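S.K.: The primary structure of each chain is shown beneath.
Protein chains: 2
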Amino acid sequence: MSREPSWDLYRTFNAVLAEGSLSGAARALGLTQPSIARHIDALEEAVGAPLFLRTARGLSPTDAALELRPFAELMASTSAALLRTAEGRTGEVDGTVRISASEVVGIIHLPAILTRLRQRYPLLAIELSLSNAVDDLLKRQADIAIRMVRPEQQALLARRVGAFPVGLHAHKDYLARRGTPRSMDDLRHHDIIGYDAETPAVRAFAQRHPGLDRAMFALRVDSNIAHLTAIKAGFGIGICQTIIADADPDLVRVLPDAFHEDLETCVVMHEDLGANTRCRAVFDALVAELTALVRGRQG
Amino acid sequence: MSREPSWDLYRTFNAVLAEGSLSGAARALGLTQPSIARHIDALEEAVGAPLFLRTARGLSPTDAALELRPFAELMASTSAALLRTAEGRTGEVDGTVRISASEVVGIIHLPAILTRLRQRYPLLAIELSLSNAVDDLLKRQADIAIRMVRPEQQALLARRVGAFPVGLHAHKDYLARRGTPRSMDDLRHHDIIGYDAETPAVRAFAQRHPGLDRAMFALRVDSNIAHLTAIKAGFGIGICQTIIADADPDLVRVLPDAFHEDLETCVVMHEDLGANTRCRAVFDALVAELTALVRGRQG
DNA sequence: CATATGCTATACGGAAATATATGAGCCGCG
DNA sequence: CGCGGCTCATATATTTCCGTATAGCATATG
Numbered sequence: 001m002s003r004e005p006s007w008d009l010y011r012t013f014n015a016v017l018a019e020g021s022l023s024g025a026a027r028a029l030g031l032t033q034p035s036i037a038r039h040i041d042a043l044e045e046a047v048g049a050p051l052f053l054r055t056a057r058g059l060s061p062t063d064a065a066l067e068l069r070p071f072a073e074l075m076a077s078t079s080a081a082l083l084r085t086a087e088g089r090t091g092e093v094d095g096t097v098r099i100s101a102s103e104v105v106g107i108i109h110l111p112a113i114l115t116r117l118r119q120r121y122p123l124l125a126i127e128l129s130l131s132n133a134v135d136d137l138l139k140r141q142a143d144i145a146i147r148m149v150r151p152e153q154q155a156l157l158a159r160r161v162g163a164f165p166v167g168l169h170a171h172k173d174y175l176a177r178r179g180t181p182r183s184m185d186d187l188r189h190h191d192i193i194g195y196d197a198e199t200p201a202v203r204a205f206a207q208r209h210p211g212l213d214r215a216m217f218a219l220r221v222d223s224n225i226a227h228l229t230a231i232k233a234g235f236g237i238g239i240c241q242t243i244i245a246d247a248d249p250d251l252v253r254v255l256p257d258a259f260h261e262d263l264e265t266c267v268v269m270h271e272d273l274g275a276n277t278r279c280r281a282v283f284d285a286l287v288a289e290l291t292a293l294v295r296g297r298q299g
Numbered sequence: 001m002s003r004e005p006s007w008d009l010y011r012t013f014n015a016v017l018a019e020g021s022l023s024g025a026a027r028a029l030g031l032t033q034p035s036i037a038r039h040i041d042a043l044e045e046a047v048g049a050p051l052f053l054r055t056a057r058g059l060s061p062t063d064a065a066l067e068l069r070p071f072a073e074l075m076a077s078t079s080a081a082l083l084r085t086a087e088g089r090t091g092e093v094d095g096t097v098r099i100s101a102s103e104v105v106g107i108i109h110l111p112a113i114l115t116r117l118r119q120r121y122p123l124l125a126i127e128l129s130l131s132n133a134v135d136d137l138l139k140r141q142a143d144i145a146i147r148m149v150r151p152e153q154q155a156l157l158a159r160r161v162g163a164f165p166v167g168l169h170a171h172k173d174y175l176a177r178r179g180t181p182r183s184m185d186d187l188r189h190h191d192i193i194g195y196d197a198e199t200p201a202v203r204a205f206a207q208r209h210p211g212l213d214r215a216m217f218a219l220r221v222d223s224n225i226a227h228l229t230a231i232k233a234g235f236g237i238g239i240c241q242t243i244i245a246d247a248d249p250d251l252v253r254v255l256p257d258a259f260h261e262d263l264e265t266c267v268v269m270h271e272d273l274g275a276n277t278r279c280r281a282v283f284d285a286l287v288a289e290l291t292a293l294v295r296g297r298q299g
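For the record, the sequence lines run as chains L and X.
For the first sequence, this note's numbering assigns the number 1 to the initial residue and increments by one for each residue that follows.
For the second sequence, this note's numbering assigns the number 1 to the initial residue and increments by one for each residue that follows.
Simulated from the structure, these hints should not be mistaken for lab results.
Just so you know, these numbers come straight off a predicted model, no measurement behind them.
Watch out, some of these pointers could steer you wrong.
Calculated lysine to any residue pairs in the SDA-like style (CA-CA distance at most 20 angstroms, straight line) [as the list claims (entries may be wrong)]:
1) X:Lys139 <-> L:Lys232
2) L:Lys139 <-> X:Ser77
3) L:Lys139 <-> X:Gly274
4) L:Lys139 <-> X:Glu73
5) L:Lys232 <-> L:Ala218
6) X:Lys139 <-> L:Arg11
7) X:Lys139 <-> L:Glu271
8) X:Lys139 <-> L:Ala218
9) L:Lys139 <-> X:Ala133
10) L:Lys139 <-> X:Leu157
Just need the whole structure built from these sequences, with the hints factored in.
M.R.: Written out as structure tokens, the structure is:
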């Protein structure tokens, strides 16, 4: 076997996949188109298979390229994580921390917390990645994650912060217009805001609450933030965290006894980062703030 | 910020960490010592921190280097996994598959299974990584893993093959010499083979079996294979899979009612490899063979 | 104390990879 | 139809990087 190819070829490979053309990749990487072409030629030689079909409008990836793509992307995110970790090793809390969280946490809860964090550590930069994907940490796409599921993974440092209670809510105008349901059965005559995609999480949810099925959803959307704004707009009855609803005097909890869930929440970090001053500081602050947020709710 | 450094620098960084010297790394990578020195200089420039202390006896890593090491190693194993995946994309089952398994599975159960697999697919090469580490798949250090814990990780394709029953066993010569225990309490007067390190798994085991604690272990060793050979040598009473003990007429099960465990076993693969002909074939074969092995035991 | 054997650091010529410049093909638009 | 904008491919010039050779230093050995 010939010697291992330069790892830079993988970076070029990523860029070509992302841009769809040699010249686009060249612009993205600050190189020139002939160099990119040579890189791709070399990589195809190394892996022993064509990776792209050359057309006049650019390059389209072959099956082989798509199969190799996740590996190259993992290398890219790992490299980014390495540079992030290396950044600002001054003993002070500076540099960049990348946090992965759900949309709701990132949009509703984190801003205030991050504001305080930034005031305390003026050199700290923060990147927020909002999604419900749960494998960000292992793909090194984030340094710290806020998760609603307890990670069973070793090599991860996890700390529980408590449970966010979740319930059905509606705007008071909606209830004035349509009446307040007295039982889960009453919900059949109401406008329910529910989920669209059939993800495993949604299926599990449906199993826990047989009274709420897809057929009765008047509005189907995956974004929990969209749920919240639809509730606030008086569209109907939907699910949101009670902490959020309580902060808005116009929102009313519906069927608090018949429907309630607790979102167990953890702050999670890769153990490799445990010794990193900056990540550690952000981790501890997130744990403290979120714990206080949940506790404050209970008190 | 300056442009991202060449990813090849990380490879050099790994080699210097592994070899402990510039010239050693140069030999390992097939480059020359001045090139390695330039790479390390460039990397230190890029991360903005010294990575090694230069001495006349080689280079010793700084804290910064140790902090960055896991990232660089992940890049290395990812690159290796990419090349493995790219290998032999002929539609046939050829190329290399890397399997991670426990020592016992890899040494006792797999050889026969792999023999049949190889006869069926003569072009298939197999790499075996035997350890009890469970994060091999996510670090891309293996394509397929055989696990005794159910992975809660998404992005992993897992299939149960059943449970391997485990029990206390001893050589018949030992029992002839020392008598057969009638109860767990009797074990206090016997030579017990137990574990050395205080890993979480061992702690959990100790909690399930309060009758067996570290103080009464006459031989403490972590390798389950060493347990097995010690049992066969007549050292004392130890734990091993009943399937293995049953194959040896000299071994006798002890206290079958008072002590038994079931090792739930899964074959696990990263979902990225689900479309890969070769990995898929090995995955399916492992599932079929291990299932038959466990079932055959029960029948 | 002299010698041998590691190691790193530095200087310099040559090979390799890069950028520049140019050509050819495809597509949309007036 | 013909033009401008995009693409990739090719040929040439330039820069970058690597290897060779050498020097300097520390340690081990007699």
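S.K.: Does each hint hold? Answer for all of them.
M.R.: Each hint tested on the structure:
no. : hint                  : verdict
1   : X:Lys139 <-> L:Lys232 : 44 angstroms, violated
2   : L:Lys139 <-> X:Ser77  : 13 angstroms, holds
3   : L:Lys139 <-> X:Gly274 : 18 angstroms, holds
4   : L:Lys139 <-> X:Glu73  : 14 angstroms, holds
5   : L:Lys232 <-> L:Ala218 : 15 angstroms, holds
6   : X:Lys139 <-> L:Arg11  : 19 angstroms, holds
7   : X:Lys139 <-> L:Glu271 : 14 angstroms, holds
8   : X:Lys139 <-> L:Ala218 : 44 angstroms, violated
9   : L:Lys139 <-> X:Ala133 : 18 angstroms, holds
10  : L:Lys139 <-> X:Leu157 : 16 angstroms, holds
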